[in-house]
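With chain Z's structure known, arrange chain R on it following the hints.
Number of protein chains: 2
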Amino acid sequence: MSILVVGSVAFDSIETPHGAVDHCLGGAATHFALAASYFTQVRVIAVVGEDFTPEHEVVLTRRGIDTRGIERAKGLTFHWTGSYAGSLDEAKTLGTDLNVFETFAPKIPDAYMDSEYLFLANIDPVLQARVRSQMPHVRMVCGDTMNYWIADHAANLAKVLRELDVLLINDGEARMLAGERNLVLAAEKVLAMGPKTLVVKHGEYGATSFFSARSFDGGVKMSHPFRAPALPLSEVVDPTGAGDSFAGGFYGYLASQSEMTPAVFRKAMFYGGVMGSFAVERFGTERLQAVTRQEIDERFKLFMEISHLEYAGG
Amino acid sequence: MSILVVGSVAFDSIETPHGAVDHCLGGAATHFALAASYFTQVRVIAVVGEDFTPEHEVVLTRRGIDTRGIERAKGLTFHWTGSYAGSLDEAKTLGTDLNVFETFAPKIPDAYMDSEYLFLANIDPVLQARVRSQMPHVRMVCGDTMNYWIADHAANLAKVLRELDVLLINDGEARMLAGERNLVLAAEKVLAMGPKTLVVKHGEYGATSFFSARSFDGGVKMSHPFRAPALPLSEVVDPTGAGDSFAGGFYGYLASQSEMTPAVFRKAMFYGGVMGSFAVERFGTERLQAVTRQEIDERFKLFMEISHLEYAGG
Numbered sequence: 001m002s003i004l005v006v007g008s009v010a011f012d013s014i015e016t017p018h019g020a021v022d023h024c025l026g027g028a029a030t031h032f033a034l035a036a037s038y039f040t041q042v043r044v045i046a047v048v049g050e051d052f053t054p055e056h057e058v059v060l061t062r063r064g065i066d067t068r069g070i071e072r073a074k075g076l077t078f079h080w081t082g083s084y085a086g087s088l089d090e091a092k093t094l095g096t097d098l099n100v101f102e103t104f105a106p107k108i109p110d111a112y113m114d115s116e117y118l119f120l121a122n123i124d125p126v127l128q129a130r131v132r133s134q135m136p137h138v139r140m141v142c143g144d145t146m147n148y149w150i151a152d153h154a155a156n157l158a159k160v161l162r163e164l165d166v167l168l169i170n171d172g173e174a175r176m177l178a179g180e181r182n183l184v185l186a187a188e189k190v191l192a193m194g195p196k197t198l199v200v201k202h203g204e205y206g207a208t209s210f211f212s213a214r215s216f217d218g219g220v221k222m223s224h225p226f227r228a229p230a231l232p233l234s235e236v237v238d239p240t241g242a243g244d245s246f247a248g249g250f251y252g253y254l255a256s257q258s259e260m261t262p263a264v265f266r267k268a269m270f271y272g273g274v275m276g277s278f279a280v281e282r283f284g285t286e287r288l289q290a291v292t293r294q295e296i297d298e299r300f301k302l303f304m305e306i307s308h309l310e311y312a313g314g
Numbered sequence: 001m002s003i004l005v006v007g008s009v010a011f012d013s014i015e016t017p018h019g020a021v022d023h024c025l026g027g028a029a030t031h032f033a034l035a036a037s038y039f040t041q042v043r044v045i046a047v048v049g050e051d052f053t054p055e056h057e058v059v060l061t062r063r064g065i066d067t068r069g070i071e072r073a074k075g076l077t078f079h080w081t082g083s084y085a086g087s088l089d090e091a092k093t094l095g096t097d098l099n100v101f102e103t104f105a106p107k108i109p110d111a112y113m114d115s116e117y118l119f120l121a122n123i124d125p126v127l128q129a130r131v132r133s134q135m136p137h138v139r140m141v142c143g144d145t146m147n148y149w150i151a152d153h154a155a156n157l158a159k160v161l162r163e164l165d166v167l168l169i170n171d172g173e174a175r176m177l178a179g180e181r182n183l184v185l186a187a188e189k190v191l192a193m194g195p196k197t198l199v200v201k202h203g204e205y206g207a208t209s210f211f212s213a214r215s216f217d218g219g220v221k222m223s224h225p226f227r228a229p230a231l232p233l234s235e236v237v238d239p240t241g242a243g244d245s246f247a248g249g250f251y252g253y254l255a256s257q258s259e260m261t262p263a264v265f266r267k268a269m270f271y272g273g274v275m276g277s278f279a280v281e282r283f284g285t286e287r288l289q290a291v292t293r294q295e296i297d298e299r300f301k302l303f304m305e306i307s308h309l310e311y312a313g314g
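So the protein lines, in turn, are chains Z and R.
Using the working numbering, read the first sequence as starting at 1 and increasing by one per residue.
Using the working numbering, read the second sequence as starting at 1 and increasing by one per residue.
Excised from the complex, chain Z in its bound form:
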């Protein structure tokens, strides 16, 4: 079934210990859409500038991604400059040129209206809420946010949180949102703000999902969290987009299934980790463009082997 994603399509200029790239295709919606495209149909709502060429667009369309919702505006595409020179754990933002993104007003093409899954990537919660209100009949809403919106746009964010089936954020964001250091207590507080389920990403340590009584509507109750591993990697070339790729693998798999059971949810967590692990192997979206379904399936098995007591190797 189709996922509609609204978020940023951007150019990233990135420096890591493995090198540097200038103006490579990036943005949360881009990473999310590419990762999810291996599982289901994806439709993108975003805005780009005149520097976004057919060569950029084909990166998406070649993966079967519907780009009719990508609006062309006068000016330049959103441009982010960041460095991981000090540590691969966290990017240091050197520049954020919003450009055409500054006046982004998401418009949903008619052809997108029958999308059943909605992903609200990390953008202004006012825009997230606006898109959500225009898609009242979606089956599921999943969203992301970041420290900037948590700190300075709390009231707007609160409205979005009440609409979410799943909120996907990282440790620091969960603790900040809850104002609580202990992750279990923080998760309880965040779930009380609205999301039925919370997925907390731990970077190289994997991810944990926390469930509420509303996680599986009318179905089984999950009284404990679920932890999915990340793959220990000897080389992280570029961490940019890892979280969005996790979200794409996670949500893409969920949307490919007929119903969301605990077993389906757990597999989705693993597929999130799988796509995140591919994303960081090359700069920008290079690896996500070229990965094959067979590689994805093999890595999924590897994720089981590194985390399950019983496995093929004995």
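For the record, the hints were derived by calculation from the structure and aren't laboratory data.
Don't take every hint at face value.
Given that identical chains are not distinguished, each listed pair holds provided it fits within a single copy or across any two copies.
Simulated pairs of lysine-lysine, DSSO-like, Cα-Cα distance not exceeding 30 angstroms [stated by the list, open to error]: (1) 221 <-> 189; (2) 196 <-> 301; (3) 301 <-> 189; (4) 221 <-> 196; (5) 221 <-> 301; (6) 196 <-> 92; (7) 159 <-> 196.
Here the structure is a predicted model, which is why all the values come from computation and not from measurement.
Below, chain R without anything else, positioned relative to chain Z:
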């Protein structure tokens, strides 16, 4: 089969956000021995002072732990004072009174000589090496160390590392020992120093084991790491001894099995996490003294439920 552990038996004065305790029984060998005692016979080599009373000793003997190797010396027992007031992630050491530990010269009782498993808890690598050389016929040697020995006693530590079947340390120690930030590369470097297998503890994120071609002598090769979860806990009363309790559960389970296969090793990693999760629920060794085998088995199942794709809940 019997484990011989050499390490500290101490008194800890601890402050955490949940309260404070003065001179409660602690030390690496104590936590290790209590955790391991639920799986196998444990024998302790340590030194205590005149303030170590029969009431302290019975904490160990009640669990069937052999204390004949605990030497009584004139003076006071090793006393550590620490605070987790700022963060439960890391203790701030406020005082280290070595007392009788300063002149500790481990002596191995004859009755201990048939021990098949040796655990070298975190003490001066010179003492670790001395004990190891007196036990040349043990089946397996597992050891711990810390930043102080890594930084200032590298040559002595190098000798111990060459003797180890398994080295159990945390992320920071692994990175420091290898001089390498990436954990996979750090693990490769550490394994090249001697240990056949490396277990890296990640605190609330679980633990990862890294294998070498020598991990399972003549047996199956493990070409990838293994990740065991930690239990997300809403209340960590006192983190002191969590790592030693992990080691006790891990090594105690290994020693209880007739051979170390990859499947046995993986279960041992889970039991390590289980015992670590109990240890932090109360101050000092309180929880490790009182836990039951049934509670351990139930928590083991919980560890599977939070980490495995298929589980009883559906």
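Each hint tested on the structure:
1. 221 <-> 189: Intra 18 angstroms, inter 45 angstroms, cutoff 30 angstroms: intra-copy only.
2. 196 <-> 301: Both, since 29 angstroms and 25 angstroms are each at most 30 angstroms.
3. 301 <-> 189: between (34 angstroms within a copy, 27 angstroms between copies)
4. 221 <-> 196: Classified as within; 12 angstroms inside a copy, 42 angstroms across copies.
5. 221 <-> 301: Both: 27 angstroms inside a copy, 17 angstroms across copies.
6. 196 <-> 92: neither (32 angstroms within a copy, 38 angstroms between copies)
7. 159 <-> 196: Within one copy, since 14 angstroms is at most 30 angstroms while 54 angstroms is not.
Violated hints amount to a single one, hint 6; each of the other numbered hints is respected by the structure.
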